[in-house]
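Each step along the sequence shown adds one to the number in this note's numbering, with nothing skipped, and position 72 is 1148.
The set of hints was computed from the structure by calculation and includes no laboratory data. C-beta: ideal position from N, C-alpha, C; glycine also. Some hints could be false.
[As the list claims (entries may be wrong)] Quick list of simulated restraints, FRET-style, between CB atoms:
hint, residue 1, residue 2, range
1, 1662, 1578, 43 to 51 angstroms
2, 1400, 1268, 35 to 43 angstroms
3, 1616, 1384, 39 to 47 angstroms
4, 1681, 1246, 32 to 40 angstroms
5, 1246, 1659, 52 to 60 angstroms
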Amino acid sequence: MFKSNNTDKTDYSPLIREDADNDLLCFGGDGTSLQMATLLSGEDPNRHVTVMSVGSTCEREQVNDEDDCEGQYNIDDTQATSSRKGAVYCSSTLLCYALSVLMTASFTSIVCILLFGNANTATEIKYVVSGYQPSAVPIASGSLSNLIVGITDGMGPSYATLARILKQYDNKEDVHNTYTNTSLSFDCDLIGQQRTRSYDSYITDSAAAASALASGHRTNNHWIGVLPNLTNVAPVFSAIKNQKNMHIGLVVKSSVTHATPAGFYAHTIDRGNEYLIADQALDFEPDVLLGGGRDYFENRPVAYYSSTKAIHNRSSLIPDFEGKGYIIVYNKKDLLASDPNAGKRVLGLFAGGAMKFSIDGDRESAAPDLLIMVQCAVDALEAMSKASGKPYALMLEASLIDWAGHINDGATIAREVLEWEKVWSYLKQRVWDQDRVQKQDARAETVTNTQTGTPSTSPFSLRLLATSDHETGGLTIGANGLETFDVAALANQKSSFSTVYSQLAAHRWSEYPQSRKEAMAYVTGLASEALGIPVSQFTEEDLECLYSPLPPISPDHAPSPGQRSFSIDLDCIQNARVHTAYTTNGHTGADVNVYAYPPLDPIFNSLRGVVDNFDIAWWMASQWDVDMSSERERVALIPNGSG
């Protein structure tokens, strides 16, 4: 039994875990971690002990939800002052261990060398973040290997807050307990913010934003990979593919030809020309391409493929992909059945356009969710990387956060963010697992290379970076002077507003000719089912929200003049009940968050604080050490629709 030296005499034995390598993982706080580690490592000096020193933010949920916040620690000012996820690998010397906590790293090393001859052999005091040791020296260009870039389309800070509140409610935690601090899996990984704007506006759209994030250049709204002077600009993914032979993946919930994914490979002055973007996807040849957008690859209209703007003049591009060695999958079953070790590139098209909102999906759905797509993509890319010896880059987009924001649908926004949270948690575990493998390989190589004199090598490391392209909707939590919030009303919503509109649009209104009363009853029923509100509980204000957009009924027209109009009127009900509000059904110019994992890895130092959206691309280009000028020359002649 291990007890703290605090007055409460808490037994911390449940916080000690043993892994398959007989190494120990300790969770604790208030100095208890140090005590446990010293005792445990003292029993066996060769045993690795990982200490996760938990701060007050994460302390109460540490045991049950390690992914949310696996620990906090403070690094001295010579490295960085922070309180983020971290670990300390230690051996047996309590003095050096205490010094490493109380003093600077350099002072600790000097004292340990004086006392023991060598700081590293006397005690293995390493401040690391999930296996990566912080350094005060600048990181050299070309030091980046595998990278997963996440784009949470449209997610501003208030979206994360909304999702966190809903997660706390879903977990049945006491929302009135001020000591209950529910965390999202990315909360501990915040490193700064990003300024969003396009070349021609303070308020960007996804096309211009993706161009800045992917290529390092701002352009006009609605343009992708084309500068205001109509010349093409190269995405970093194009450069690393052609200059470094790296493997490339793109996974989204929108169509794979939509603005954000297109920003990483395409060039067009019209983001709406998704047939042209599909042509360019074929020519770009990513190793993994998963999402919606089947309609832009199959049964393409004659008006497009017979035009001079088409790159590939045919109705279907699928035979072309097959001819280039792609496996084509259209559902979850076939995706899961594909062998990641086969070395085959994968094209997955799971919907004609965008895929479903998570709130509208179910486990029996034929289409995979975002997490399954990500798992399969990473498996495939890692297998390719292992076979070729080349690293990989993967762009993921939680596309539909933005789509829910456009229709001011708070519950759907929160569910999409929580779906992304699961993906981020999974990816962090992949980083952690890969880091463990690297350490095991390094231990084996240390023995071998000491005997042979061969330089030690290690597998490619994996890093995560995530941000948003812009904020959508201008969500506020709290509205109209009210300082209350009804999360239950949010949690009770059963489907997205878009689903309700689709049901309205598909309805045969000829069954209710000239009958506004029956139409009103039908609309009320749909709203009741979607929002989880019994019809009897609708107030007069609720009914006014529902019925105000109803035009005179005709046999051929739905009662809503458009999806956004009807959705906003549905949100009129939710706003009044939940106490949220929105400033727009478009985008805003607000700054958005930037996350990285491991968060204290010095490779991310130049992205800390507040940066511009184009800084993300130049950071990638620098770390991969690619020549963007020569790549720009290579893409200059790709048709962009301007001729």
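These are the hints, each one checked on the structure:
1. Between residue 1662 and residue 1578 the Cβ separation comes to about 22 angstroms, which falls outside the hinted range of 43 to 51 angstroms.
2. Between residue 1400 and residue 1268 the beta carbon distance is about 39 angstroms. The supplied range of 35 to 43 angstroms therefore holds.
3. Between residue 1616 and residue 1384 the beta carbon distance is about 58 angstroms. The supplied range of 39 to 47 angstroms is therefore violated.
4. Roughly 36 angstroms separates the CB atoms of residue 1681 and residue 1246, a value that falls within the hinted 32 to 40 angstroms.
5. A hinted range of 52 to 60 angstroms is violated for the C-beta pair residue 1246 and residue 1659, which are about 27 angstroms apart.
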